[in-house]
Each structure stands twice: as structure tokens, then as C-alpha cells.
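Same order as they appear, the protein sequences are chains Y and X. Numbering-wise, the first sequence is residues 78 to 499 according to the working numbering. Numbering-wise, the second sequence is residues 54 to 519 according to the working numbering.
Treat the hints as calculated values from the structure; they're not laboratory data. Don't take every hint at face value.
Derived BS3-like pairs: lysine-lysine, alpha-carbon spacing no greater than 25 Å straight-line [unchecked claim]:
1. Y:K98 <-> X:K423
2. X:K396 <-> Y:K220
3. X:K153 <-> X:K83
4. Y:K228 <-> X:K390
5. X:K338 <-> X:K385
6. Y:K408 <-> Y:K108
7. Y:K238 <-> X:K390
8. X:K118 <-> X:K136
9. Y:K220 <-> X:K423
10. Y:K238 <-> X:K423
11. Y:K146 <-> X:K423
Since the model is a prediction, treat every value here as computed from it, not as a measurement.
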Amino acid sequence: MSINILMPALSPTMTEGKLAKWHVKVGDAVKSGQVICEIETDKATMEVEAVDEGKVGQIVVEEGTEGVKVNAVIAVLLEEGEKEVARAAAPAAAPAAKPAAPAPAAVSAPPPKPAAASAAPAASSGGARLFASPLARRIAAEKGVDLASVKGSGPNGRIVKADVESARPGAAPAAAPAPRPAVPAAAQPVFVAPGDSRVPHTSVRKVIARRMLESKQTVPHFYLSVELEIDALLAARAAINAVTEKKGAKVSVNDMLIKACAKALRDHPDCNASWTEDEMIQYGAVDISVAVATDRGLITPIVRNADMKGLAQIATEMKDLAARAKVGKLKLEEFQGGGFTISNLGMFGVKDFAAIINPPQAMILAVGAGEERPVARKGQIVVRNVMNCTLAVDHRVVDGAMGAQFLQALRSYVEQPAAMLA
Amino acid sequence: MADTSFDIIVVGGGPGGYVAAIRAAQLGMKTAVVEREHMGGICLNWGCIPTKALLRTSEVYGLIKHAESFGLSVKDVSFDPKKIVERSRKVAGQLSNGVKGLMKKNKITVFDGTARLAGAGRLAVAMNDKSNVTLAYKNVILATGARARQLPGLESDGELVWTYKEAMVPPEFPKSLLVIGSGAIGIEFASFYRTMGAEVTVAEVLDRILPVEDAEVSAFAKRAFEKQGMKILTSATVSNLKKGANNVTATITAGGKSEQITVDRVISAVGIVGNVENLGLEGTKVKVEKTHIVIDQWGFTGEPNVYAIGDVAGPPWLAHKAMHEGVLVVEKIAGVKGVHPMKTENIPGCTYCQPQVASIGLTEAAAKAKGLQVKVGKFPFIGNGKAIALGEPEGFIKTVFDARTGELLGAHMIGAEVTELIQGYSVAKTLETTEAELMATVFPHPTLSEMMHESVLAAYGRTLHI
Numbered sequence: 078m079s080i081n082i083l084m085p086a087l088s089p090t091m092t093e094g095k096l097a098k099w100h101v102k103v104g105d106a107v108k109s110g111q112v113i114c115e116i117e118t119d120k121a122t123m124e125v126e127a128v129d130e131g132k133v134g135q136i137v138v139e140e141g142t143e144g145v146k147v148n149a150v151i152a153v154l155l156e157e158g159e160k161e162v163a164r165a166a167a168p169a170a171a172p173a174a175k176p177a178a179p180a181p182a183a184v185s186a187p188p189p190k191p192a193a194a195s196a197a198p199a200a201s202s203g204g205a206r207l208f209a210s211p212l213a214r215r216i217a218a219e220k221g222v223d224l225a226s227v228k229g230s231g232p233n234g235r236i237v238k239a240d241v242e243s244a245r246p247g248a249a250p251a252a253a254p255a256p257r258p259a260v261p262a263a264a265q266p267v268f269v270a271p272g273d274s275r276v277p278h279t280s281v282r283k284v285i286a287r288r289m290l291e292s293k294q295t296v297p298h299f300y301l302s303v304e305l306e307i308d309a310l311l312a313a314r315a316a317i318n319a320v321t322e323k324k325g326a327k328v329s330v331n332d333m334l335i336k337a338c339a340k341a342l343r344d345h346p347d348c349n350a351s352w353t354e355d356e357m358i359q360y361g362a363v364d365i366s367v368a369v370a371t372d373r374g375l376i377t378p379i380v381r382n383a384d385m386k387g388l389a390q391i392a393t394e395m396k397d398l399a400a401r402a403k404v405g406k407l408k409l410e411e412f413q414g415g416g417f418t419i420s421n422l423g424m425f426g427v428k429d430f431a432a433i434i435n436p437p438q439a440m441i442l443a444v445g446a447g448e449e450r451p452v453a454r455k456g457q458i459v460v461r462n463v464m465n466c467t468l469a470v471d472h473r474v475v476d477g478a479m480g481a482q483f484l485q486a487l488r489s490y491v492e493q494p495a496a497m498l499a
Numbered sequence: 054m055a056d057t058s059f060d061i062i063v064v065g066g067g068p069g070g071y072v073a074a075i076r077a078a079q080l081g082m083k084t085a086v087v088e089r090e091h092m093g094g095i096c097l098n099w100g101c102i103p104t105k106a107l108l109r110t111s112e113v114y115g116l117i118k119h120a121e122s123f124g125l126s127v128k129d130v131s132f133d134p135k136k137i138v139e140r141s142r143k144v145a146g147q148l149s150n151g152v153k154g155l156m157k158k159n160k161i162t163v164f165d166g167t168a169r170l171a172g173a174g175r176l177a178v179a180m181n182d183k184s185n186v187t188l189a190y191k192n193v194i195l196a197t198g199a200r201a202r203q204l205p206g207l208e209s210d211g212e213l214v215w216t217y218k219e220a221m222v223p224p225e226f227p228k229s230l231l232v233i234g235s236g237a238i239g240i241e242f243a244s245f246y247r248t249m250g251a252e253v254t255v256a257e258v259l260d261r262i263l264p265v266e267d268a269e270v271s272a273f274a275k276r277a278f279e280k281q282g283m284k285i286l287t288s289a290t291v292s293n294l295k296k297g298a299n300n301v302t303a304t305i306t307a308g309g310k311s312e313q314i315t316v317d318r319v320i321s322a323v324g325i326v327g328n329v330e331n332l333g334l335e336g337t338k339v340k341v342e343k344t345h346i347v348i349d350q351w352g353f354t355g356e357p358n359v360y361a362i363g364d365v366a367g368p369p370w371l372a373h374k375a376m377h378e379g380v381l382v383v384e385k386i387a388g389v390k391g392v393h394p395m396k397t398e399n400i401p402g403c404t405y406c407q408p409q410v411a412s413i414g415l416t417e418a419a420a421k422a423k424g425l426q427v428k429v430g431k432f433p434f435i436g437n438g439k440a441i442a443l444g445e446p447e448g449f450i451k452t453v454f455d456a457r458t459g460e461l462l463g464a465h466m467i468g469a470e471v472t473e474l475i476q477g478y479s480v481a482k483t484l485e486t487t488e489a490e491l492m493a494t495v496f497p498h499p500t501l502s503e504m505m506h507e508s509v510l511a512a513y514g515r516t517l518h519i
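This is chain Y alone, in the form it adopts within the complex (with noise of 0.2 Å):
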């Protein structure tokens, strides 16, 4: 019998991904536990491992294919001995029942509807009637091209697919004065000079472009921003890594910053919450999400059960984490989950900013510079490294008196960092 080999569902929310990469061809004979082959999810290229041995019969989706559907077959494993009979045998026996060709087709991405979106233009355009083959319509609208700007080459000025494909997007109507509403606002074409790129996107842009428009879209955020004095905190570092580094382990401000949170949030559990329609989460463990730049896009790995791990641990951790994350290797679960993000761009002299909250999550705290200012105390103009922090809170889940009092704990946890020990 040969083994299907279906596309991993990653993740419980997963219900397509990218095939990266194939590391296997026909014909290699794989064992359980091989690497065969690198899915492109929501934020990461996962590396996907054999479960059955057996020699490689079919690669049934190729790499590089969008959109693949959870559960559909990718490659064919042939058991010992078996020979690739069954897929050749198959379209004379029954070509139905050969789920080698159907199943790519069915798995790619569902099919586009500019049918009726690229019915639009001509619809919308009110004059004459405009001619354009159904495929040149459809092109123009993944382009962007208004097709009362394309001169048609077809039979009577028909727009055919050459047409559209040496036409501009967005390339205003030739001399048509006529009153053509073009696109609609929502989805203006960007106009592409020449010298302009196209750069496709990647499935961590597309992700990190549909999870912040929806939060930004459906999330109340409100920001409480603070003045953070990080002496205390700084000379507490120096103090830890003089003894950690020879171990091995150099604690940054950062991670000081992550066990900070985490005791805050342990402090104030409603904040270390998620919000349904139907009920708030609150969660038990208090996991940190770190924000972490890559060269795929951005990325947040996560320091689980922060508030009861050593900040020793926590940097070691989070050196590891972020040097996977920005090769692209995390597991799912090591980017999956977390109730709190911290954003810190303060390595970037940043003073202050406000982040975007990652749902589900109820709170992201946006990290500035730690630099020295004077500072007013007890009438003394005094010099302290002070560190600017906004706080975005889902309003839903926390109100601004809450969203305080975290930043209270919060404040008291670095300005005191001996509390972080109790």
C-alpha cells in the first residue's frame, strides 16, 4: 500500500500554507523522522518531518505551491517493494480514481472571483459598453489596470490577455475624459513607474498584513505611556552578568524587561487575558511574546512561564529563539500563543512609539531608548537613564485604570529589580 502524505496542519488555526521546499525527490527512499520537505506558514518555514518510511513514489505538489490546504495529499510514499505501478496503473483501471493529478489542482488556492469583481469597471463605467475577454479582465484586476485605459488588439478593439499585460496599472485613461469611476477608492491601484519593482509577497507579509489590519480594524486600543528610570535596573545587570556571563549568559536590559512583565502580569492576572464574544480567557500561564525583526518579516517568539524563570534562563532562551526565528526555523509552538508582547526598538534610538496589539492578545507594551536626561528631584535637576514606555491595551479586556496599575507593578519591578527575586 502507498502511504499519503498529507499537508500538516501546524497549527490549530492552520488551514493552508506554502510549500517551501521539497528536501526529498521521487524515487529517494525516506526515513521516519527525515526531513522531507519546508511548509511556509503564517510565520515561519517549518520543516516537515517522515513519519512512515518508505521510497518517495510522487511529489503530488510541487514547491513553491500557495496555498495548500490542510490535509491534502502532497507526495506519495511507496512502501518496500512496491513499484510505482499503482500510479501509472491508475488512469486505465479508473482514471477517477487517481487522486494523483485532480489533487494539486484541488488544493491550490480557491479560485479567485474577480469574475464578478473585474465585472466592475465596465459595469461601473455607465457609457459605451467595453469589450475584454473574460481572462484580460481578470488579469486587470489582480493588476490593477483600468481596462478603459487599454487599447484593445482583438477583433472590433477587443481587449485580449497581451493587451493587459503590457498595460500600466493604474495607467490613466488615454485621453478618455469620459466620467469612468476607475476602481474603487478602497483598492486604488498603485501606480508602477518604470525603475518601480514588484516584490511578491511572502506569507509572513501577507500574515503580518491581514493580523494587524484586523487588529487596527476591530480592536479598541487605548495607550498609557510612562518615564521608566532604569538606573537600579542597569546596575542590577551588571551586577547579575558579572557573575551569568562567565556562564555563558549575558542578560540584557531586554530580558530584564521580559521577567519584569511577567511579574507584573502575574500581579494582574484580568491583563494577562484574551478577549471571545462569548467570554473573556484569562490564562493561567504567563507567556511573553518578544517582537523580533527578521529578514522575512517580523516575528515573536515566545519566553513561556516567564515570571517563574531566571533571568539567566530567559536570556539564554530568548539568544536562541531570536537566532532561529531570523533563519526561519522556530517550531510552531515556540511563536504560537503568549498573552503579552513586548516591541522594543530602543537598540534603534527610538524614543518613544506605539505598537499595534497582536491578537488575540490584550496588550503589547512598546519599548523606547533608555538614555540619560535631567530629571527633576526634590527640586534638583539630576542626570537619570530613563526609558519611555507605551503601553496599547484592548479596551475591551482592560480598562485605563487597569492598564495602570499593571504599569505600576510594572514600574516597580524595574525601578526595584531585587522585587523581581521575591
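Using the hints, position chain X against chain Y.
Quick look at chain X alone, frame taken from chain Y:
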């Protein structure tokens, strides 16, 4: 004395040439055709049409042999090769006369002779009645067609080793037959003679039969032919033909092994070469590559006012391609607005073996080789009511779409009557429909064409009847 000065002279009266001439006449040009043998060319006299007549005979014969399965009792079935060939010749003759009639109707002058370029605007014609005529033209279209390729050692002799031409008019049917080459011509004769009872061996040098078709079609066809008792050798070369008194012993090497088979007759169908000789091309700008005249997208050869169309101007070697080319070249010459170059991917191809094969556009492999992401749909005859009712449950229809745009990239069919079905996808491709329009099209029930719908649905995971 007849007129000798023309706006357009077409050299060759095959499907490309006579259609070009008719179109030219329609556009008001004074037109002539020079034809050395018979109007309608190979297609009509020695190709497409008479073979279809033969294959119709074998189809009916095949059905009669399976009469029982239709509840019919037919006894003492036999056939007469002479009458079968007669019918085929009659069909060809009728149509050839039809073309002559069309020439007359369109006031096209036909010169029975052989033409060659003889300086700018001049054509020297050696008439079949031994006289010589010099014609003057404003534009000339070379449509001289092609002939069977002869491979060294495998040359046809007209007696024991045939080309398509002898195979079409056999004095008697061979009991055993070796067909060299499994393109459309070779496979059609293999299918015909197999159905008529001959032991048929097909030797194909490539690794699959019908090599231009989608790989799945080739594989299906091979199994279907083998089921009919045909012997198929792929990756096989025929190296030696030893002729006996009334048979031929061929040495065939396949898979590292050589074997000798002795057959009554051999059909050599190893491709064609363009008829480029004695056309007076020397000293002109007309270029010949691999026995074919090189043309641009408008059929222009590079020599002022000299055009070429059809088989002599390169592949695909299909009558309908030649006809379409003839029309577009003439229209271009006449300055008709909106003439478009031909799109090769929109030219369908048909092979009338049993089961029939028809296709258009890119194969799945070719589409992928172009780097396209594809959606592929396939629907089997066994899932179609009409196919079952006809007693033709074997075959499938496969469609290949561009996953990004929904463009129908190609369609590949094997099974009963698919040669009559493919035009639906031709129209779809020419109109640039996407899967959406094909899905929205109402296909009549019960017809084989429903499979064309189902195949499209299948490509998008929506098939209804499997």
C-alpha cells in the same frame, strides 16, 4: 491565351493554398493557383480525408464485431479490401472535384503544372502538358506542402515498405504489419489495420507513443492499443529491413535488446520533409532550415512579395493550421485591418485512431516547464452517461489551467469522438475564457461534451459525477 498576370499566385493547391486563393479572390484580388497534381493536395487526396474514410470503415467493422454487446446478431461478417479502398478514393475524388468547383466559383485560375520563382515578380510554370508559361505576380504564396521523410535504410519502395500513400490504397490488406513511427499518421494506420485484423507492431524511437500529446494521453493510448492486441515498442529503433519475396524482416532494438520480426508490410511514418526543392529559391532571400521555409509571423520569407504557408513553412503540420495561415497572410497582404498572427497554442490537433485523441495548448508538463502554477482537472468517460450508452467507457478529458489567472492553458482528450469535441476548448481559448465562463456554460445532457464541463470543475475540486 489565358491571363498570365495576377495580384496573387498561390503555388500549391492543398488546404493552405486553395483556401488562401479563395480568401484572396473574396478580397477582390486577381488570383491564380499552380497545382502540379490534384486540387486539395495531400490532405484531401492522400491524407486527412481518405484516411478518415478508411477509419470509418474500420470503426463500423469494429462495432459490428461487437454487435452482440448491442443486442444485435450479425453473422458472416467479412470485408472486401478493394471496395474499402474504392470508397476511400471516391470520397477523396468527390472532395477534390468540390475544390475545383470552388476555384471556378471564385474565378480563380488554376494552372496544372510545377512552378518556380524566376526573378522578381515572375514565376516559371512547367505545365503538365509539357508547355511552359511565365506568370507575373504582385505577391506569391508558396504552399507546396510536405512529403514523407525517408530514413536511410528504411526507405519506402512502394511494394513492401510503404509510406502513407501506398498504405492508403493497398491491393490487399497485410496479415502482419510493422509501423515505424507513432505520430498521428503512423498510429492512424496502425489502428486501421489492427481493427481490420492484421498483427500490428508499432516501433517508436521516443519513450512514448503520440509523443506530442500529454504524457497521460500517451500512456492511456498505449494501454488501449495493447488491449486491442497491438504490439508497441517504445525507445525502439528499426535498424535494418531485409526484404523477402513477399515479406520484410526488420531488426528492432529496444531496451538494449535486438529482435527480428518478419511482417508482410512495413509502413514508414517517421515524419515529413518540406517540399522546398525546384522552387527557384536559390539566389533569393528565402531561407530554408531543416527542409522548411523560414517565415515571420505574417508568413513573409524575406524575399520581397514572397510568402510561405502550411507544411512547407514548418510545424505544426496540420491542414487547419495551413488554412488559417493562408487567410491571415492574404489578409495581411490586402491590408485588412485587425489581422492577428496565429497563436500556436490555440491550434488543436486530432488523431483519428481508436480511441481518438485530440488536444490543444500546453500539456501539463509543458505548462510546468514554463514555470506556471497549474490546476489540472481530469474526468473519465466511465463517469459520463452518454459514453456508457454508446458503449464507449474508455478515455478521459484533462484540462490544465493557470492557477493564477484561470486561463485555460491546454486540454487533452482521449476517447470516442473527442476529435469532434476539442473545438469547444478551441473557441474557449480563442475567446480567452477562464474557468469561470466554462463552469457557467450549460452543456447539453446527455452528451460526451458534459465531460468537458466536468473536467473544468475537477480542476477546481468541484466535479459532480465522480
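Quick rundown of the hints versus the structure:
1. At most 25 Å may separate the alpha-carbon atoms for a hinted pair to count; K98 of chain Y and K423 of chain X meet this at roughly 19 Å.
2. The straight-line distance between the Cα atoms of K396 of chain X and K220 of chain Y is roughly 24 Å, inside the 25 Å bound, and the hint therefore holds.
3. Using a Cα cut-off of 25 Å, the hinted pair K153 of chain X and K83 of chain X holds, with the two alpha carbons roughly 17 Å apart.
4. Between K228 of chain Y and K390 of chain X, the direct Cα distance comes to roughly 15 Å. Compliance with the 25 Å bound is thereby established for this hinted pair.
5. Annotation: proposed proximity of K338 of chain X to K385 of chain X holds, straight-line Cα distance about 20 Å (limit 25 Å).
6. For the hint linking K408 of chain Y to K108 of chain Y, the alpha-carbon distance of about 21 Å falls within 25 Å, and the restraint holds.
7. Distance hint between K238 of chain Y and K390 of chain X is fulfilled; the C-alpha atoms sit about 19 Å from each other, no more than 25 Å.
8. Between K118 of chain X and K136 of chain X, the direct Cα distance comes to roughly 19 Å. Compliance with the 25 Å bound is thereby established for this hinted pair.
9. For a cut-off of 25 Å, the pair hint linking K220 of chain Y to K423 of chain X stands: about 21 Å separates their Cα positions.
10. With a C-alpha separation of about 17 Å, the suggested pairing of K238 of chain Y with K423 of chain X holds against the 25 Å cut-off.
11. Simply put, K146 of chain Y and K423 of chain X have alpha-carbon atoms about 24 Å apart, close enough for the 25 Å limit, and the pair holds.
Checked against the numbered hints above, the structure violates none of them.
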